[in-house]
Amino acid sequence: MSAIKSTVRAYILENFIMGGDGPAFTDSDSFMELHVIDSTGFLELVTFLEETWNVVVEDAEMTPENLDSLDGIEAYLRSKAVAMPCAA
Amino acid sequence: MLNPSVLDIDCAAETERICRWMVQTVGQQLHKRGVVLGLSGGVDSSVCGALAVRAFGPKKVFGLLMPEQDSSAASETLGARVAQQWGIAHHLENIAPTLQAIGCYRWRDEAIRALVPDYADDWKSKIVIKGGRDGGLNHFHLVVQSPEGETSERRLPIREYLQVVSATNFKQRVRKTVEYFHADRLNYAVIGTPNRLEYDQGFFVKNGDGAADLKPIAHLYKTQVYALARHLGLPDEVCNAMPTTDTYSLQQGQDEFYFALPYDRMDLALWAHNHAVPAAELATALGLTEAQAGFVYADIEAKRRGTRYLHAAPVLVEPVPEVQ
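Chain order of the listed sequences is U and E. Residues 227 to 314 (this note's numbering) are what the first sequence spells out, left to right. Residues 853 to 1176 (this note's numbering) are what the second sequence spells out, left to right.
None of these hints come from the bench; they were simulated from the model. Small disclaimer: the values here were computed from a predicted structure and weren't measured. Each residue gets a CB set at the ideal place from its N, CA and C atoms; glycine is no exception.
To give an idea of the chain U side of the interface with chain E (calculated C-beta under 8 Å), a few residues:
(1) ASP264
(2) SER265
(3) THR266
(4) PHE268
(5) LEU269
(6) GLU270
(7) THR273
(8) ASP285
(9) MET288
(10) THR289
(11) PRO290
(12) LEU293
My request is simple: use the sequences and hints to build the entire structure.
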């Protein structure tokens, strides 16, 4: 698994599932369809991505395609030329 | 073909049905002696007030006007006018000092100043929603206006968004506290005034305007509430007013803050979604592309998911059947 995916997965497991028996999700699963992240959760996720990778997520980039799965997030961050977390 | 006539109702029959239900519910189910409601001057509370008078007579209805520093003066005037028109005993309770004391304005302004350091008491602000109607993810922008009239806008990060909204929610919760004081004092029930659009889509504050003992118009689309307002003879200003939140200091339409479309189009979209009308047919009726109509349907579902907990009773480890 890539560093981006493992970092985001760990964040989701800690902050949204909180150690409970949440739905298992693959890299391509939709967070929305599995009810892993709701609308407020996506705003939290955006702040996490911005602070962890030191990027600015533009309004037009706040789309399900970019943010609704681990695959989408990795492709999106790579498109912004980011490979590794800059902060723990 | 889908058109607005699907929302037509027999106003006389619906009025009769709701009034009978209110009498039965308040007397036989809730065992209360009358009803209390907040009168904001908006169409929903005005219709509920008029229905309550039709159901119980004016002597068993108590109205509350609860302005604060950001609500419009017209709201108070119109609320009082509706109370007088229907002979509703009412009380004016300015909740601004309570909100000031509890920190509503301080917490809100602190979050705003984190983004706009110059923001001061003589500035105005509001929140607007973005994203969902275009197929994106819903997010919010803060709009501020300086005393000179200069307006600027920027996206609200999660922490500031939550702090502004939660501080503002004090308004609905303090109003509900006042309503329940008078309900307890009079042994009355509290009427909640959401229409179907608000109720379905979770456009209310939990334990704020969402709290009530009965909700007489929660099954009616907003368009139908306006039809009842005209049928009941409410003032033109009530019957013709565009819905606002009356919560932020800058004028804010409900569709700016929450819904994907203005209420009349949103009503039709919700009706169509509830009746499994294909997105292509909704698109034709509303002048949207099929993709846009699909985004509206998706937004309806997203809001239902996101606000389900607002409707829910507290969750228990296991049922306590003796009190259910």
